[in-house]
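J.: Residue-level listing of the chains:
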Amino acid sequence: NAGVTQTPKFRILKIGQSMTLQCAQDMNHNYMYWYRQDPGMGLKLIYYSVGAGITDKGEVPNGYNVSRSTTEDFPLRLELAAPSQTSVYFCASSSQGVSTEAFFGQGTRLTVV
Amino acid sequence: QQQVKQSPQSLIVQKGGISIINCAYENTAFDYFPWYQQFPGKGPALLIAIRPDVSEKKEGRFTISFNKSAKQFSLHIMDSQPGDSATYFCAASATYNQGGKLIFGQGTELSVKP
Numbered sequence: 187n188a189g190v191t192q193t194p195k196f197r198i199l200k201i202g203q204s205m206t207l208q209c210a211q212d213m214n215h216n217y218m219y220w221y222r223q224d225p226g227m228g229l230k231l232i233y234y235s236v237g238a239g240i241t242d243k244g245e246v247p248n249g250y251n252v253s254r255s256t257t258e259d260f261p262l263r264l265e266l267a268a269p270s271q272t273s274v275y276f277c278a279s280s281s282q283g284v285s286t287e288a289f290f291g292q293g294t295r296l297t298v299v
Numbered sequence: 004q005q006q007v008k009q010s011p012q013s014l015i016v017q018k019g020g021i022s023i024i025n026c027a028y029e030n031t032a033f034d035y036f037p038w039y040q041q042f043p044g045k046g047p048a049l050l051i052a053i054r055p056d057v058s059e060k061k062e063g064r065f066t067i068s069f070n071k072s073a074k075q076f077s078l079h080i081m082d083s084q085p086g087d088s089a090t091y092f093c094a095a096s097a098t099y100n101q102g103g104k105l106i107f108g109q110g111t112e113l114s115v116k117p
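Quick mapping for you: the protein sequence lines, in order, are chains A and B.
The opening residue of the first sequence carries number 187 in this note's numbering; numbering runs sequentially from there.
The opening residue of the second sequence carries number 4 in this note's numbering; numbering runs sequentially from there.
Chain B extracted, bound-state conformation (with noise of 0.2 Å):
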């Protein structure tokens, strides 16, 4: 119940492309949704969260799709840059779940080819 289930493990994508990462969690009780980037050598940072009362979220070229029903939410990077090439993690937690513990997927390694 505490997973969260992250897809592809790995993806390249061409210069100027659009960069799709999916995730899926089974506990109900989650209620925040972040994503962490992380650079080679570099701990992860927060790039964008989400929490369930909203279905999409924008900053710049980088949206969270979620799906409450579906328990499924995704990371997209709309016009890929080479500079964005890092590992992206998902992540999820619960309100009741004290000391924010952050549940995280198990990481997606994307390259974005120029």
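So that you can see chain A by itself, here it is in the shape it has in the complex (with noise of 0.2 Å):
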């Protein structure tokens, strides 16, 4: 019962930088969410999919790039690091979108210095 699975768990980049947070899933889901968590703010979705080749904005998209070639892939690309992107990810996945369980991976902590 793997569920949503990201990696790494743990990375510091250097301002600049750039890297791919990876998401996978197994649960066949239709839906594929980035968010990212900072202290006291929530979670502020980054990007989203309803399926294979689709993808759209979020609330916060600035500095990241998505896509969703399988079902069950969906890796969060940072180009050109800066220490704003400082930051818990998490990457979730639902089977309908609306009104039902959203499952989250147990996020990737990621440190621009």
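These aren't lab readings, by the way, just hints derived from the structure by calculation.
One or more of the hints may lead you astray.
Said to hold, decoys possible - When the alpha-carbon atoms are kept at most 30 Å apart in a straight line, the in silico DSSO-like pairs for lysine-lysine are as follows: (1) B:Lys61 to B:Lys71; (2) B:Lys61 to B:Lys74; (3) B:Lys74 to A:Lys195; (4) B:Lys74 to A:Lys230; (5) A:Lys243 to B:Lys45; (6) B:Lys45 to B:Lys18; (7) B:Lys18 to B:Lys61; (8) B:Lys45 to A:Lys200; (9) B:Lys60 to B:Lys116; (10) A:Lys230 to B:Lys45; (11) B:Lys8 to B:Lys61; (12) B:Lys8 to A:Lys230; (13) A:Lys243 to A:Lys195; (14) B:Lys60 to B:Lys8; (15) A:Lys195 to B:Lys45; (16) B:Lys45 to B:Lys8; (17) B:Lys8 to B:Lys74; (18) B:Lys18 to B:Lys60; (19) B:Lys71 to A:Lys230; (20) B:Lys116 to B:Lys45; (21) B:Lys74 to A:Lys243; (22) A:Lys230 to A:Lys200; (23) A:Lys243 to A:Lys230; (24) B:Lys61 to A:Lys230; (25) B:Lys8 to A:Lys243.
Got two chains here, each in a separate frame; can you build the complex from them with the hints?
T.: Right under this line is the structure:
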């Protein structure tokens, strides 16, 4: 019962570097999401996808990119990392989107120095 | 209009007491209101959820109260236990809003003292 798997769990980046946060789910969910969590700010939606080949921006998409080539995978790309992107990133998935449970991964803690 | 405001930011309750967390929203199109529980180092997990056609939903020690006219909803944890110590997030989404995008509150860090 893997559910939603995120890698890596921790990462330190230097300013200007790039990286990809990986997210995979094995529940055959169509809907997938990327959130970032900052202290006292809740979770902010970065990007989401309603199916393979379809992605859309959330509340805070600047500085990020996503792709969805398969149902299972939804990687998040950070280009030119900035200190403002220091955060905990969560990937989630759900079967139908609205009014159904979203399952979250365990998160990736990213520090940009 | 997309905001969900949550209070308090932190809460300390004695074992056996009642924990109450409140949320308010602005967007009247929201029609799904879940609460998520998050333990340190873990991702959030769904605790309980309500739709606005009912005013209350209870699951064990956890109850959601919903006031549509006031655009407010709250989580009540009865007989609070140390194992309930976690961060709680309220959230909201709208059926018209494709993709099931959840708008989260700021979170409440609950500590239940033995």
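J.: Could you work out which earlier hints the structure fails to respect and list their numbers in ascending sequence?
T.: Violated hint (a single one): 3; every other hint is consistent with the structure.
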